[in-house]
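Assemble chains L and V onto chain X, guided by the hints.
Protein chains in written order, with numbering that gives the first Met the number 0: chain X, 0 to 120; chain L, 0 to 370; chain V, 0 to 163.
Source of the hints: derived by calculation from the structure; they are not laboratory data.
You may find that some hints are simply not true.
For each label pair, taking beta carbons as the anchor points, the in silico distance ranges come out as [said to hold, decoys possible]:
1) L:L35 x X:P7: 29 to 37 Å
2) X:P91 x V:L91: 52 to 60 Å
3) X:R36 x L:S66: 46 to 54 Å
4) V:Y107 x X:R36: 54 to 62 Å
5) V:I3 x L:I83: 52 to 60 Å
Computed list of lysine-lysine pairs in BS3-like fashion (alpha-carbon distance at most 25 Å, straight line) [as the list claims (entries may be wrong)]:
6) L:K111 x L:K226
7) L:K107 x X:K116
8) L:K78 x X:K40
9) X:K40 x L:K107
10) L:K226 x X:K40
11) L:K117 x L:K78
12) L:K13 x L:K107
13) L:K181 x L:K117
14) L:K121 x L:K5
15) X:K40 x L:K181
16) L:K5 x L:K181
17) L:K5 x L:K78
18) L:K5 x X:K40
19) L:K107 x L:K121
20) L:K111 x L:K13
21) L:K121 x L:K78
22) L:K181 x L:K13
23) L:K121 x L:K111
24) L:K117 x X:K40
25) L:K13 x L:K117
Every value quoted in this text rests on a predicted model; they were computed, and no experiment measured them.
We treat Cβ as the ideally placed atom computed from N, Cα and C, and that holds for glycine.
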Amino acid sequence: MYLGDGGPFWFAVFLLIGIAGGLLFYLVAFILAPRARSAIKEETFESGQIPPGGKRVRLVMQYFAFLLLFLIFDVVSMFLYAWGASYYSFAPSQSIYAIVLLILLLPPIYITLKVAKSVGV
Amino acid sequence: MQELDKDYASSFVKYSIVAVIILLALVLYLIYPYLLALLQLLFLNPSAILNTTLFKLLIFPGLIYVSIVALIAEWVERKLVARIQVRVGPFYVGGWEGLLQPIADLFKLITKEIIIPKHADKNIFILSPVLAFIVGALPIIVIPYSPTYVIWDYQFGLLLYFAILAFYPLVVLLAAWSSNNKYSFIGGLRALYQQASYEVPLFLAALPAVMLAGSFSLTAIASAQAKVWFILFAPLSAIVFFAGMMAELERIPFDMPEADSELVSGWTTEYSGIAWGLFQFGAYVKLLAYSGFFVTIFLGGWQGPAILPPLFWSLLKVSIVVLILLSVRGFFPRIRIDQLVRAGWGRLIPICILNIVIIALLQPYIVSILR
Amino acid sequence: MDFIVPIILIIFSSIAAILSLESRSLVYGAVSLAIFFLGLSLFFFYLGLTYLAIFQVAVYVGAIAVLIMFTVMVVGEGQRRKRSVPLLAMGLLGGAIILASFIMGISYFFSLPNPSMQPSFTLVSLARYVMDNYGLILFILALLLTSAAYGAVALARREVEETA
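So that you can see chain X by itself, here it is in the shape it has in the complex (with noise of 0.2 Å):
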C-alpha cells in the first residue's frame, strides 16, 4: 500500500486496531450478556411522569449564538497559528496586524455573553 513506512501506516494500523478492538469488546459481551428483551425495558427513561412541555426549545437553543462563535474563531485561529509558526521570524512591530487582531477579538465574546444575559440565557 502507498502508505509507505513512516507514520501514516502506523496511524492507519493503530485505527484499524482500536476500531476492530472496540467491536472485538461488543462481541464479547453479546456473548456473555443475556439477553431477555422486554417491551417496558426499552422504554427510553423520563424518571417517571413526563412533565408539560414548553421551555424544551429554550434549553435546546440555549447557546447557540456560541456554536456559531466557535465556529469563527475556529477559522481566525487557522491564522493564528501560521503567524505564531513564524514566530521567530517576526520582530514585535511588524506582528502588529496580528496582536491587533487578537485585541479585537474580545468584543464580539463580550457582545455576545451580554445579550445572553440580556435574553436570561
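Chains L and V in isolation, oriented as in the chain X frame:
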C-alpha cells in the same frame, strides 16, 4: 404491551464478526514484515526490540500501556476521592485495598445486558461508543515520552492532536441523539456547548508553545525546553489549558453534562453494559492523552536532571498531572452552564490573548533566553 | 499506477457526497457529509498540503459538520421529496463528467516530465510572505469574519425578541 423492535443484536453480531475478522486480517497483512522482524530480534538482540515501532505501538507507549494506566487511574481516582471525602473507597475486591476493583467492574460491565432503546437509531447507537473510544485513543500516537519513545514523530503533531479532538463534539451529538430520549438529547446539546466553548481557549493556550518552539512537532517542542520550561514564559496559558482540559474531559467541576446525582448519566443514560464502559474507558484514555500533551508543551516533556533517565522524568510529570486532575474531583462543586459559558468565553480567552500578546511583544528577550 | 491513491480518495469522497444527498435519513446524510470532508482532507494530505488538511478536519468536521448535524437533529426530518428519474440521470451524468475530468487531470499531471508532490514553500515562509505583503488584507479578512459573529448575534437577538 407494545411491539418490540426488530432484534438488532443478532444481525449486529453477524456483521461485526465479519468486520472484526476482516480488520484483523488486514492489520496482520499490514504489519506482517514488522512482526517477523520483531520475532527475529527477539532471538538475536532482545534489547533492540524497544526501538521497533511495532513494540512502541502495541506495548509502550501504545495500547497496552494506555489500557493498564487507564485501569490504574480509575482505581487511584476512586481511592483518592474517597480519602478526600473521608471514606474508604473500593475495599473488598483484590488482596489489598480493592486493587482489582476496576477489573471486576470491567467483567460486570461486559456481562450486563445491552438494552437498545425503542425507536433509537440502532446503527449510530451501537457504534458511537466505539467512535468515542477511538477519538480518545488516537492522539497517543504523537505524544513523546522521550526522544525515542514516540510512535510517530509527526511534523505537525500538535495540529493532528487538535484535529483528532475536534471529532469529539460530533461523537457526543451522535451518541445523545441516537438514544431517542429527549432529556439525553438536551443533555448532549449542553455537553456540546461546553465542549465548543472550551475548545477555543485550548487552541489559543497551545499557541505560545508553538510560538516559543517555532515548530508544530511535539518532540521539537519538548526538546526546545532544555534550558527553560515553557510554563515560565506562559503561566497564564498553562492555567487556561489546564482548565480547558478539565472541561473537555467532562471532569468535575465541569461535570454538568453528566451530573450523576441529578441526571442519572446525562447524555449516556441509555447506554448500558459495555457501551457505557467504552465511554468511560475512552474518557480515561483521553485523560492520559491530555496529560501527556500538557506535560509536553508546558512542563518540558522529558527534560530533567541527567541523573535519572528522561523516561523517568516524563512518567513522573505525567503521573503528577494525572493525580492533580483526579484529585480535583474531590474538592470542587459543579459549575452551572451559564457560569461555564461565561467563564470559558469571557474569562479564559482574554487571559490567553494577554499571554500571547505579552510573548509577542517580548520577542527579542525571549529569543536571547531560549536560543 | 502512480495515481491509484488519488483516484481511490476521489471515489470515496464522491460516494460519501452522493450518500449525503440521497440517504433516507437526514442525520445519515449529515454524517456522510462529515465523512466527505474527511475524504477531502485526506486528499489534501496526499497533495502534501498538511497544514490545510489538518485545519480542514478541525474546521469543517469539528465545527461545520457539527452545526449542520445540530440543525438537522433539532429541526427534525422534513418531508421526503419524490424521486424523479430524469433528475437522477442528469445528476449521474454530471457526476461522471466531473469524475472523468478529475481522472484526466491527474493522469496529465503525472504524465508531466517531473511531477513534484511537495509544494515549494514551507508554512513559515508562507506566513512571512503573507504577513509582509498582505498583512492588511489578512487583517481585514479576519475583521469580516468577526463581523459575521456580530451579525449572528444580532440575528439571534431579533429572533429572541420576536418570540419573547
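Consistency of the hints with the structure:
no.	hint	verdict
1	L:L35 x X:P7: 29 to 37 Å	22 Å, violated
2	X:P91 x V:L91: 52 to 60 Å	57 Å, holds
3	X:R36 x L:S66: 46 to 54 Å	32 Å, violated
4	V:Y107 x X:R36: 54 to 62 Å	58 Å, holds
5	V:I3 x L:I83: 52 to 60 Å	58 Å, holds
6	L:K111 x L:K226	53 Å, violated
7	L:K107 x X:K116	46 Å, violated
8	L:K78 x X:K40	34 Å, violated
9	X:K40 x L:K107	19 Å, holds
10	L:K226 x X:K40	61 Å, violated
11	L:K117 x L:K78	38 Å, violated
12	L:K13 x L:K107	24 Å, holds
13	L:K181 x L:K117	13 Å, holds
14	L:K121 x L:K5	10 Å, holds
15	X:K40 x L:K181	17 Å, holds
16	L:K5 x L:K181	22 Å, holds
17	L:K5 x L:K78	43 Å, violated
18	L:K5 x X:K40	15 Å, holds
19	L:K107 x L:K121	23 Å, holds
20	L:K111 x L:K13	20 Å, holds
21	L:K121 x L:K78	37 Å, violated
22	L:K181 x L:K13	31 Å, violated
23	L:K121 x L:K111	18 Å, holds
24	L:K117 x X:K40	9 Å, holds
25	L:K13 x L:K117	21 Å, holds
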